[in-house]
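Let chain V serve as the given structure and place chain Z on it in line with the hints.
Chains V and Z, in that order, are what the protein sequence lines are. What the first sequence shows, in my numbering, is residues 1 to 419, in sequence order. What the second sequence shows, in my numbering, is residues 1 to 419, in sequence order.
Calculated directly from the structure, the hints in this document are not laboratory data. It cannot be assumed that every hint is accurate.
Each pair may be met inside one copy or between any two copies, as identical chains are not told apart.
[Claimed, not checked] Calculated cross-link-like contacts (lysine to any residue; reagent style SDA-like; alpha-carbon spacing at most 25 Å):
(1) Lys-13 x Asp-136
(2) Lys-243 x Asp-136
(3) Lys-158 x Ile-171
(4) Lys-333 x Ile-18
2 protein chains.
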Amino acid sequence: ISGLALKVWMFLKRAWAIAANDPRKVIHCIKVGLALTIVSLFYFMRPLYDGVGRNAMWAVMTVVVVFEPTVGETLYKCMNRVCGTFLAGFLAVGVHWFASRSGERFEPLVMGASVFLLASAATFSRLNPSAKSLFDYGAMIFILTFSFVAVSGYRVHKLFDLAHQRISTIIIGTSLCILVIMLVCPIWSGQELHSLIVHNMDKLADSLDVCATRYFNHSGECTNSNEEADKKLQGYKCVLSSKATEESMANFGRWEPSHGQFNFRHPWKQYLKIGASMRCCAYCIEALSSCINSENKAAESIKKHLSSSCLKVSSSSSSAIRELAETVKTMKKSSIVDLLVGEMNSAVQELQNDLKSLSYLLNPSTTPEKKKLETACIEATTTVPLMEFIPVVTLASILIEIAVRIEAVVDAVEELAKS
Amino acid sequence: ISGLALKVWMFLKRAWAIAANDPRKVIHCIKVGLALTIVSLFYFMRPLYDGVGRNAMWAVMTVVVVFEPTVGETLYKCMNRVCGTFLAGFLAVGVHWFASRSGERFEPLVMGASVFLLASAATFSRLNPSAKSLFDYGAMIFILTFSFVAVSGYRVHKLFDLAHQRISTIIIGTSLCILVIMLVCPIWSGQELHSLIVHNMDKLADSLDVCATRYFNHSGECTNSNEEADKKLQGYKCVLSSKATEESMANFGRWEPSHGQFNFRHPWKQYLKIGASMRCCAYCIEALSSCINSENKAAESIKKHLSSSCLKVSSSSSSAIRELAETVKTMKKSSIVDLLVGEMNSAVQELQNDLKSLSYLLNPSTTPEKKKLETACIEATTTVPLMEFIPVVTLASILIEIAVRIEAVVDAVEELAKS
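Okay, chain V solo, but in the shape it has when bound (with noise of 0.2 Å):
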C-alpha cells in the first residue's frame, strides 16, 4: 500500500509540476469543466429539456469535441461543425426526398450509392493539404451528418425534425464554446505565433553569442554559469523544431478576430516567412555549435588574431536580432535596425580584412612594405601549419553566412511590417 500512495503522491507531483510551469494548461481544464457543466443544465433544468428533447446530447458532444486550448482552433472547428452539419443537413434531406420517390426498393439502393460517393468525394477532398488546413474537420462533420440523416430517414419518419434538431443543439453548443473560450482568459493563436516568433529570435541570438564567446574565450568563463550557458547554447534547437507549431498557429490565427493588437486578417502567413528565415540561420549556428565542438584545434595565435572580428561580427549580428526581435514584439518600426545591420555589415568587412592580412601573414612576399607585419608572419608561419588555420576560417566562414542569412529576416520583418 505504502508503494501505491508513493506512486499517487510522485503522480500528483508530476501533475502538480506540469500545472505550476503553465498555469494556463490548468485554465483550460477548468474552462472545459466549466463549458460542460454548463451545458448540462439542458438537462438538469425542466424548460431547457423540454425544448430540445433527447438530442440535448448532441450540444454536449459539441462541447466535447469542439473546445480546444486557443480561441483560433476553437472557432476553426465551429466554424467547421456548423457548416459541415447545415451542408450535410440539406443534402441529405434532398437526397432522401429522391430516394423516397423512386420507390420501396431501391430506396436502400439510392441511399446507399449516395452514401458511399458523397463519402468517398469528402474523403478524397480531406486528402488534399491546401484543403485540409480549411476544412478537414469540416468534411469529416459533412460525412457524418450526411450518414446519420440520410440513413436514419429510412427508420425515423420526422426526417426534418431530425435535422432541425441536430442543427439547434449544434448552434447551443458552439455558441456556448465560443462564449466561454472568448470571455475567459483567452489564449489566442495569433497572439501564441507572434511571441513564439520573438522568443525564438532571443533564443537565436543568445545562442549565437554563446556559441562565439565560447570559442574564443573558454578559459575566461566561470564554470558556475556553464549549465545557463549550455541551456542558451541548445536555443537554435527550438528554432529548428518549431516549424509544425508554427504552421498550426497561422493556420488558426487566421479565423481569429481583431484581438490586442491584431487586426482579423493580420498577415499571419508572414510569420511563417520570419519563421522560415529564422530556421536558416539556426542551420547554420548548427553549424557553427558544431564547430566549436570539433577536434581539430586551432593554433591559439589565430585565434587570437580573429577573435576580436569574429566576436564583433557575433555580437552585432545577435543585438541585431535581438532588435528586430523587439521590432517584432512592439510591432513599431525601429530606428535603429538599419543602424544595426550597418554594424554588422562593417563587422562582416572588418573580418574579412583580417582573414585577408592572414594571407598577408602567411604570404610575406606579397607585402614587402610591412617589416613588422613580416616577422610576425614568419612566426606564424613556422609555428602554424594551415591545418590549424582551417577550424577558425571556417567558424568565421560560417559566421559572415549567418550575417547573410540575418539580412534575409530583416527583410522579412520589414515585409511584415509593410503588410
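Frame of chain V, contents of chain Z only:
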C-alpha cells in the same frame, strides 16, 4: 456558364492529377465509402436494426470518426475509443448510482460536480505530452461518454441499457473498421515510416553528390539535366521537414500487429533516432549548398588541387548512405557498409592530407626539401590570396563534418539491426 464549366473542368483535372499521383488516396476514399455503406446495413436490414435500434447511429459515427488512412492510426483510435467508452461508461453508471442515493435535491449538484471534476482531470491528462501520444483520443472519448451517460441518467431511466447499447454499437463499428482497413489494401504506418527513412537516405545521398559535383565541375555538366539536378539538390529539404511525419508514424506504428517483415513490437523509436541523425547530416548539406551558391569565388587552382579528394569524400559518403539505405530496406546486415565507411574515412584522411599539402604550398619554409613543390607554391602564393582559399577550405571542412555525421547514422542503423 462556360466559365463555370471551365472551373469544374480544372477542378476535376487537378483532382485527377492528385489521384494519379498517389492512387492509394483513391483506395482510401473507396474504403471509407465501403465501410460506411456496410455499416448502413444496420439501418436497411430489419433484423439488424431490431438488434440495436436507434443506437445504430453510434456505429455509423464510430466508422466516420475512427477510419484513418493507415492501419496504425485506425487501431490507435479504435483501442482508445473502446477503452475510453468502457471506462467512462462504468464510472458514469457508478456515479449515477451514488448520486441517485443522495436525494433529489442534491442529485444534479453531485452530477454537475462529477462532470466538472472528471472533465477537467481528463483534459489535464490530454495536455501532458507523453500521455498525449498514447491516449489523447481516448481521453476525449472518456469525457464524451462520461458526460453523456452521466447527464442522460438524470432523464433516461434505463441507464444501464443505454451504456450497454453504446458500448456494443461502438464495438460493432470498430470491428468493422479494423476488418476493412486490414483486409482491403492495408497501408501500414510502420511500413510507411520504413520506406520514408529509406527514401530520405537516398535523397540525402543524391543531394550530397549533386552539391559536390556542381561545385567542382560546373562547366562539365550539360544544361539538359540541370533541372533534374536542381531537384536532386533540394532533396535534403525533405529530410529537414520530415520530423513531424516520422514521429506520428512511429507513434502509430507501435499499435500495429506484425505485418510483412515487421514484428508486433518492432523498434520504431530507433527509426526516429536514425531520422534525427540524418537531419544532422542535412543541416550540414544545407550549409554546403549555401557554400556552392556563395558569391566569394574560389581560386581555380585551389579548386583543382582539392577537387579530386573532395569529390572522393562526397562520393564515398554518398555511397555509404546508399548502402545504409539498402541495409535498412532489406533489413539484412550488409557486409560492405564497414568497408564503405572505411573508404569514406580514408577519403577524409586524404582530403586532410591535401589540405596539409596546401599549407606546405603556402609555407615554403616548412618544406625546404621539396624544391618542385616550392616553385609551385611561389606561383600559388603570388597569385592566390588567402581569401580565395576560404570558400574551398570551408567546403572541405563541412564535407569532413558530414562524414563524421554519417558515422552517427551508421551507428544508429547498426543499433536498429541489433534490436
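- Task: At 25 Å max between alpha carbons, let me know whether Lys-13 reaches Asp-136 within a copy, between copies, both or neither.
- Result: So Lys-13 and Asp-136 pass the 25 Å test across copies only (21 Å; inside, 38 Å).
- Message: When Cα atoms must be at most 25 Å apart, do Lys-158 and Ile-171 count as within-copy, between-copy, both, or neither?
- Response: For Lys-158 and Ile-171, the Cα distance is within 25 Å only inside one copy (20 Å; across copies 28 Å).
- Message: Checking an output row: Lys-333 and Ile-18, CA cutoff 25 Å. Within, between, both or neither?
- Response: Close neither inside one copy (37 Å) nor across copies (44 Å); limit 25 Å.
- Item | Homo-oligomer pair classification [Asp-136, Lys-243; C-alpha up to 25 Å] | both (20 Å within a copy, 22 Å between copies)
Consistency note: the structure conflicts with earlier hint 4 alone.
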